[in-house]
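Trainee: Sequence:
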Amino acid sequence: MSDNSFNNTVESLFKGMDSFITTKTVVGDAVHIGDTIILPLVDVSFGVAAGAFSQEKKNNGAGGMGGKIMPSAVLVIQNGTTKLVNIKNQDGITKILDMIPDFVNKFASGKQSDESTDGQSAKDAAASEMEDILSDSVKDKE
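If you're matching positions, the sequence shown starts at 1 in the working numbering and goes up one per residue.
The hints are all genuine.
Cβ-Cβ distance ranges computed for the label pairs, FRET-style:
1) N79 to V48: 35 to 45 Å
2) K15 to K68: 13 to 23 Å
3) S72 to T36: 14 to 24 Å
List time: in silico DSS-like cross-link candidates among lysine-lysine, alpha-carbon distance up to 25 Å:
4) K68 to K88
5) K15 to K58
6) K15 to K68
Bear in mind the hints are in silico, worked out from the structure with no lab data behind them.
Just so it is clear, CB atoms sit at the ideal spot from N, CA and C, and this is done for glycine as well.
Could you build the full structure based on these sequences and the hints that come with them?
Mentor: And the structure:
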C-alpha cells in the first residue's frame, strides 16, 4: 500500500489545527482604552478537503483548506455596565435603536436640574426627537 494513504493526507491537513482554531478566534484579544474594555466577537468558518489515489501512480494525493473570519459583534464593558454592539447585520434603523439609550442619558444629564420633572421632560423630548428620526427613516425606505 502506498505511503500516501487517505488517513495520512487527512492527518497532515489537521496537523496544527488546534493552534489555528482557538478561543481567541471566537473572542479576540481585549482592547483597553481608559476604563473601557472592548472585546471583538468573530464568526469563524473553515473547510477542509482531502483525497488520495493509489493505482500504480506514485505520490498521488490532494488537499486543501479554506477559512473565513468575519467580525460579528463587539462587547463593550464600561464602568461596570456591559453592552453588546452587533456589527454584522445592522441597518440604519437598528443603529438608531442601539443609540437611543445613550442619547437619552446624554440629553437628560445635560438638562438635569433639582426638579425631577425637568429630567422627565428631557427624556420625553429625546424620545420625541428619536421618533421623528425613525419615522423619517421608515418613510425613506418605502
